[in-house]
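Peer 1: Quick mapping for you: the protein sequence lines, in order, are chains U and Y. Just so you know, we're using this note's numbering here: the first sequence kicks off at 193 and counts up by one. Just so you know, we're using this note's numbering here: the second sequence kicks off at 20 and counts up by one.
Keep in mind that a hint or two might mislead.
Unchecked claim - Lysine-lysine pairs mimicking DSBU-like chemistry, simulated, CA-CA at most 35 Å apart:
1) U/K308 x Y/K175
2) Y/K21 x Y/K322
3) U/K308 x Y/K139
4) Y/K21 x U/K395
5) U/K416 x Y/K21
FYI, nobody ran anything at the bench for these hints, they're computed from the structure.
Each chain, letter by letter, is given below.
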Amino acid sequence: MSIFVDKNTKLVVQGITGSEGMFHTRACIEYGTKVVAGVTPGKGGQKMDNVPVFNTVEEAKKETGANASVIFVPPPFAADAIMESADAGLDVIVAITEGIPILDMYRVKNYIKDKKCRLIGPNCPGVITAGECKIGIMPGVICKPGGPIGVVSRSGTLTYEVVDQLTKNGFGQTTILGLGGDPVNGTNFIDCLDAFEKDPATKGVVMVGEIGGDAEEKACEFIKKNVKMPVIGFICGITAPPGRRMGHAGAIISGGSGTAQGKIAAMKAAGVHVCENLGVFGELAVKVFKNLK
Amino acid sequence: MKIHEYQGKQLFKKYGVPVPEGGPAFSVDEALDIAARLGGYPVVVKAQIHAGGRGKGGGVKLAKSHEEVKEHASKILGMTLVTKQTGPQGKLVKRLLVEKGCNIAKELYLSVLPDRSNAKICLMGSEAGGMSIEEVAAATPEKIIKVYVDPLLGIKPYHTRLLAFKMNIPKGAMKQFTQMITGLYNLSMDYDCSLVEINPLVITKEEEVIAIDSKINFDDNALFRHKDVMEFRDLDEEDPLEVEASKFDLNYIKLDGNVGNMVNGAGLAMATMDIIMLAGAEPANFLDVGGGANAEQVKNAFKIMLSDPNVKAVLINIFGGILRCDRLAEGVVNAAKEVGIKVPVVIRMEGTNVEIGRKILSDSGLQLVNAISMKDAAEKVAKAVKGL
Numbered sequence: 193m194s195i196f197v198d199k200n201t202k203l204v205v206q207g208i209t210g211s212e213g214m215f216h217t218r219a220c221i222e223y224g225t226k227v228v229a230g231v232t233p234g235k236g237g238q239k240m241d242n243v244p245v246f247n248t249v250e251e252a253k254k255e256t257g258a259n260a261s262v263i264f265v266p267p268p269f270a271a272d273a274i275m276e277s278a279d280a281g282l283d284v285i286v287a288i289t290e291g292i293p294i295l296d297m298y299r300v301k302n303y304i305k306d307k308k309c310r311l312i313g314p315n316c317p318g319v320i321t322a323g324e325c326k327i328g329i330m331p332g333v334i335c336k337p338g339g340p341i342g343v344v345s346r347s348g349t350l351t352y353e354v355v356d357q358l359t360k361n362g363f364g365q366t367t368i369l370g371l372g373g374d375p376v377n378g379t380n381f382i383d384c385l386d387a388f389e390k391d392p393a394t395k396g397v398v399m400v401g402e403i404g405g406d407a408e409e410k411a412c413e414f415i416k417k418n419v420k421m422p423v424i425g426f427i428c429g430i431t432a433p434p435g436r437r438m439g440h441a442g443a444i445i446s447g448g449s450g451t452a453q454g455k456i457a458a459m460k461a462a463g464v465h466v467c468e469n470l471g472v473f474g475e476l477a478v479k480v481f482k483n484l485k
Numbered sequence: 020m021k022i023h024e025y026q027g028k029q030l031f032k033k034y035g036v037p038v039p040e041g042g043p044a045f046s047v048d049e050a051l052d053i054a055a056r057l058g059g060y061p062v063v064v065k066a067q068i069h070a071g072g073r074g075k076g077g078g079v080k081l082a083k084s085h086e087e088v089k090e091h092a093s094k095i096l097g098m099t100l101v102t103k104q105t106g107p108q109g110k111l112v113k114r115l116l117v118e119k120g121c122n123i124a125k126e127l128y129l130s131v132l133p134d135r136s137n138a139k140i141c142l143m144g145s146e147a148g149g150m151s152i153e154e155v156a157a158a159t160p161e162k163i164i165k166v167y168v169d170p171l172l173g174i175k176p177y178h179t180r181l182l183a184f185k186m187n188i189p190k191g192a193m194k195q196f197t198q199m200i201t202g203l204y205n206l207s208m209d210y211d212c213s214l215v216e217i218n219p220l221v222i223t224k225e226e227e228v229i230a231i232d233s234k235i236n237f238d239d240n241a242l243f244r245h246k247d248v249m250e251f252r253d254l255d256e257e258d259p260l261e262v263e264a265s266k267f268d269l270n271y272i273k274l275d276g277n278v279g280n281m282v283n284g285a286g287l288a289m290a291t292m293d294i295i296m297l298a299g300a301e302p303a304n305f306l307d308v309g310g311g312a313n314a315e316q317v318k319n320a321f322k323i324m325l326s327d328p329n330v331k332a333v334l335i336n337i338f339g340g341i342l343r344c345d346r347l348a349e350g351v352v353n354a355a356k357e358v359g360i361k362v363p364v365v366i367r368m369e370g371t372n373v374e375i376g377r378k379i380l381s382d383s384g385l386q387l388v389n390a391i392s393m394k395d396a397a398e399k400v401a402k403a404v405k406g407l
């Protein structure tokens, strides 16, 4: 079992003929993902390797039965691409694109509010259900299929670090998700914690947060009331200066709020096992998750 | 991106937001010319730097005569202004804004800012103007009024009325005030602003509404569609190394410590800074070379990091996903040969092509310290910087 995506997910790649799109489509296929279509406006009828390319998402869905999309479209056009997928009725939309104008995402967020789709990202590494389906840019080799740990994170390479240490200590994963580093994103910590809690294969969760916003604080309120499985939390940015955007558009301490210290305190209050030093994350995982293997 | 107060006021004018008469001056003579043109005293002489708290630091002065304009302008231009936002090193003042004074009856606070927690646009107002809004929010949250606008709907008259009535705007100023909020909202949307703030917004004894300050920040992601805003960029206000890094699309932020570090990915970069601190040393920078960096970019990043004279040791931490370890290693070796390394360099690599990467490093003949984990790397670099 897993959350959101699995071996039955049929993927359409928006921006499949671009260099990023092509490179990562091949890696997804190699991992075992069912990539059924690509979309590049004006290139309908062509093929990328063996994947048929369509002009619109609507057409791709109709012809192939795609139910998920991944977006490798440049920032100026990415919000449009997300809304196109939402309108076409896809269930899951994974937006990899980094650098989408922030207000574009405010409009998208309000637009998709009443639609059935789940947006993951943008500015995220994507999602992997270990051994079944990889959507996005995460290196599949670091994952260990079979569970029982779910991973949810706001950062890309930090996720790889955590997953690598889980795998090296013998803990497999169910689903690994990157929520993205932008201030406004589709899926949040609560969505994932809720789904992991309900997923019979997931028995423990790692959540990786960072400075900026209050998503971690809200998630901790949710954990207090609804999550029974053990959760390990890590927050980066203790040394980040206030008022500076630390790479991610959303990683900024503004007006004294969104600090790492505040988030760590919220985690502790919610009974989350806080990893204070990423260098020893693996040892903490062994301690907290030892009965779950 | 930030801009100066006077530049913000130029945008305010375009959107019908009333501002005092005046203009920017780059010399004392220019300041005197503008003051003379305003046709009467008092005038206000204001330092233009990208930081708040200028008044308390002595960067804003009222002048009641030609002589006083001369006195204040000479004093402020060229001064190093220290405010709580500049840090102890302060900022050199190179520009002034000279404006007509006004009869202040009431000082208010007003801002338009996207609220990430609900994806709405927040119109925020307060009758407690002229003070730090963070302090007002902490001490007297009931004095902060928030009205939320759905960006798909846009601003409606009732939004502006809600704010105006809750802020007890006098009747005579009502129409001007509500029009002004609409103008600020439209400016904020048209220009992809991450903050538009007026503190204080003044109601004069004549019941006129005037923005005597302006602060506008822009979303860096959206600058590609605002070429006119790019012309407002003032490189003097930015750290020279950060300017250099931005030319190569590198995310670099200079900090006060002495351990340089270069990492791929923003989250891992922050975590690396944190672990340096936990090992008892201090990071000299934040530097994210990005997921898809090539050897050339790694070389540029390395050069920028090393041109900070405070750097006494370097930690390179790469988790190779898209950025392959062999590419990284090539970049490091090229950079080291080109610029020469005079400080200890600790490298921790993991992920794609890590074995090839390690071979490139060990064949290079360079004195590099290999680390097997993040913890090991942080401890080694902390030890190196302490000269142990």
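Peer 1: Looking back at the hints listed earlier, which ones does the structure fail to meet?
Peer 2: As far as the earlier hints go, 4 and 5 are violated by this structure, in ascending order.
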